[in-house]
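S.K.: So you can see what is in the structure, the chains are spelled out below.
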Amino acid sequence: MVKYVLKRIVMGMLAIFILASVAFFMIHAVPGGPFDADSTEMSEEAYRNLEAKYGIDQPLYKQYWMYMTNLLHGDFGESLQYTGTSVADLIGRGIGATARLALCALIFSVVVGLTLGISASLRPDSGLDRFCTALSTIGVSLPNYVVAIILMFVFALKLKWVPVTGLDSYKCYFLPVIALSLNPIAHLTKLTKTSMIDALNQDYIVLAKAKGMKKFRVVCLHALKNALLPVVTYVGPLISSLMIGSFVVENMFTIPGIGKMLATSITMRDYTTLTGMVIFYGVTVIVIGIIVDLVYVLIDPRVKYD
Amino acid sequence: MHILEVEHLRSFFTTDNGVVKPVRDVSFKLESGEILGIVGESGSGKSVTMFSVMGLLAKNGYVGQGRVVFEGKELLHIQPGEDWVDLRALKEQKEEYEKKLEDIRGKDIGMIFQDPMTYLNPILTIGFQMSEGLKRYFHLSNEECRKRNIEMLEMVGITNAEKRLSQYPFELSGGMRQRVMIAMALNARPKLLIADEPTTALDVTIQAQILELMQELKEKIGMSIILITHDLGVVASMCTHVIIMYGGQIMEEGSDMDIFYHSRHPYTEGLLNSVTTYDEKTKAKRRLEPIEGSPPDLRKPPIGCAFVDRCKYAMKLCKEHEPPVMQLSDTHSCKCWLCNPEVTALKEGK
Ligand SMILES: Nc1ncnc2c1ncn2[C@@H]1O[C@H](COP(=O)(O)OP(=O)(O)O)[C@@H](O)[C@H]1O
Ligand code: SF4
Ligand SMILES: [Mg+2]
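Protein sequence lines correspond, in order, to chains A and B.
Counted the way the numbering used here counts, the first sequence spans residues 2 to 307.
Counted the way the numbering used here counts, the second sequence spans residues 12 to 361.
Careful, some of the hints might be misleading.
[Stated by the list, open to error] With the C-beta cut set under 7 Å, the calculated list includes, among others, these residues of chain B facing chain A: (1) Glu82; (2) Met122; (3) Thr129; (4) Asn132; (5) Ile134; (6) Gly144; (7) Phe181; (8) Leu183; (9) Gly233; (10) Cys350.
Treat the hints as calculated values from the structure; they're not laboratory data.
Every residue gets a Cβ at the ideal spot worked out from N, C-alpha and C, and that includes glycine.
Modelling step: build the complete structure from the supplied sequences, incorporating the hints.
M.R.: Written as structure tokens, this is what we have:
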């Protein structure tokens with residue numbers, strides 16, 4: 002087990018090395034430099050100075066070598082866009098907002114999705130079941146910018162219950178969290194319902210009842226624990242994608258998260274920030290992957306890694 | 012006193028291919044402290060009968076009619092409906108019955124199932140699963156549960172009991188899982204034990220050991236047992252009261268003497284003739300004359316006698332009319348036209 006985790010960490014580091022290299026070269030393969038847009042107002046000399054300052058005048062392999070050695074020390078370099086700010090600081094500034102939103106959306110979608118899924122599995126063909134089916138179908142197909150626009154229009158502009166943008170008060174969280182959660186709720190409801198129906202039909206449920214276990218315990222312990230495996234498989238990647246932050250939602254609600262930052266760094270050709278963020282995403286995905294594997298072992302003793 | 016009375020029980024399953032009727036008017040009474048054997052080929056409705064009584068029918072299964080009385084208390088009473096299709100009412104009655112049984116199952120009535128591979132929860136430890144009932148009904152502490160579980164596992168012949176408690180079902184062999192299930196059911200010292208082919212998965216030595224244990228507990232705590240099996244040898248050595256089931260109906264019922272020495276039903280005769288014997292000389296198992304043919308389709312059971320298609324004495328009458336249950340003595344009854352004196356008189360007159 003420990004050996005497996007260590008192996009996963011080493012593999013993860015290797016993956017990040019490759020990812021960093023690919024990101025570095027791909028970004029440098031794109032024509033145009035970071036200071037191109039301003040070059041008309043800049044003298045040739047100032048331009049050269051800037052390039053020298055950030056090492057952009059060096060040959061590519063040297064830039065790569067520098068970048069990688071710095072990376073090993075946990076240094077993503079300095080942002081090309083905001084002079085004097087390190088990429089790590091920049092990510093640190095954005096991650097707070099994104100993480101808070103992600104956590105709220107995660108808890109909200111897991112609680113709602115599981116509750117709906119379990120209830121629907123207990124009463125097939127009831128009104129609630131049909132509602133869940135409708136919700137899953139709509140939630141899966143509606144893109145979140147549409148949801149965001151509708152929510153914004155109804156609750157912020159018309160009813161004025163909550164602010165339109167920003168993340169200053171707790172009220173600001175409602176709309177972006179709902180916009181982020183609708184799709185996960187749709188998936189989780191459907192997934193939970195299917196795997197609960199399957200679990201409830203198993204023989205071990207009959208034995209649990211025969212032992213005299215009350216219905217609540219039969220459903221919420223004997224069936225749910227078995228039904229949770231496919232749910233965990235979905236929740237892992239969900240956490241990663243929420244942590245990466247949503248371009249769309251963060252942009253629409255003007256939330257200073259890292260999703261918005263990524264968008265800006267692309268348009269501004271901010272190489273260092275961009276590579277830094279790609280690596281940050283890679284690390285997030287890999288770490289969460291390892292955690293999900295560990296959770297698997299906790300839930301299902303039959304899962305063995307070697 | 013009767014510990015369990017079942018009257019006119021009918022159960023059915025709704026399926027995509029129509030309604031399956033595996034229990035068709037089954038009645039029996041179980042004397043407190045006796046061991047009742049229910050025998051019949053597979054598919055004759057033995058399991059479904061007991062599942063109905065325990066309120067454990069699958070989602071698509073319903074009791075359509077019947078009365079169940081446990082220790083003199085009426086638990087279920089469903090009058091025969093106009094037809095069997097008022098599912099909503101039956102569903103409500105089913106849920107109500109299941110709720111009523113929640114406090115009886117596991118404590119007063121224990122059940123052992125046929126298939127050891129699927130009935131244990133795959134992701135909970137043996138110890139956890141064994142303790143659940145003890146905690147619910149006897150409020151034992153973890154330590155007390157552990158002691159009791161170890162004792163019980165040793166009684167059913169499991170070595171290394173302490174270690175087994177922290178293992179999961181997939182780490183145990185089929186025979187061991189079956190014994191765990193038996194230990195689990197006996198743990199609460201139920202008044203009635205329903206054992207659905209409990210030893211089919213076990214080898215002969217362990218089978219004997221388990222049966223002995225069941226008998227011992229029966230004496231010690233006055234437990235009554237319903238033993239479902241297709242092994243007539245086991246019935247002969249254990250049971251004092253025997254029911255022969257076929258096609259969802261009771262064909263013959265009587266004491267062990269009635270069934271083994273004075274059987275009257277052609278199906279019982281067939282079963283007795285097909286007993287697997289063990290040849291001392293060749294050390295080979297030998298099956299004598301199995302009954303030809305296969306059990307009836309329970310979606311469209313025969314109008315007359317359920318056994319008519321395979322019976323070597325079948326008459327025209329048997330095809331057209333269902334034979335009534337004939338009471339042959341205080342203990343012995345038989346559902347066959349041949350037991351009807353008028354029919355035999357007619358036959359002989361011919
Ligand atoms: N959930 C179900 N749905 C439909 N048919 C069922 C279901 N469970 C059992 N049956 C049918 O009921 C009949 C009797 O089964 P059972 O009581 O298990 O026989 P046995 O005497 O071998 O225990 C079989 O024909 C089986 O196919
Ligand atoms: S009633 Fe007729 S068919 Fe049925 S067992 Fe008796 S003789 Fe055979
Ligand atoms: Mg059976």
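S.K.: State for each hint whether it applies.
M.R.: Hints versus structure:
Nearest Cβ of chain A to the Cβ of B:Glu82: about 16 Å, over the 7 Å cut. The hint is violated. For B:Met122, the interface hint holds, since its Cβ comes within 7 Å of a Cβ in chain A; the closest pair sits about 4 Å apart. Taken as an interface hint, B:Thr129 checks out: its beta carbon lies about 4 Å from the nearest beta carbon of chain A, inside 7 Å. Hint on B:Asn132 holds. Least Cβ distance to chain A is approximately 4 Å, under the 7 Å limit.
Hint status for B:Ile134 relative to chain A: holds, with the closest Cβ pair at about 5 Å, below 7 Å. Annotation: B:Gly144 was flagged as interfacial toward chain A, and the flag holds, the nearest CB pair being 5 Å apart, inside 7 Å. A hinted interface residue such as B:Phe181 counts as satisfied when its beta carbon comes closer than 7 Å to some beta carbon of chain A; here the least separation is about 5 Å, so the hint holds. At a threshold of 7 Å, the smallest CB-CB gap from B:Leu183 to chain A is about 12 Å, leaving the interface hint violated.
Interface restraint check for B:Gly233: the shortest CB-CB distance to chain A comes to about 20 Å, outside 7 Å, so the restraint is violated. A least Cβ separation of about 37 Å between B:Cys350 and chain A goes past the 7 Å threshold, and the interface hint is therefore violated.
Going through the hint list in order, the structure does not satisfy hints 1, 8, 9, 10.
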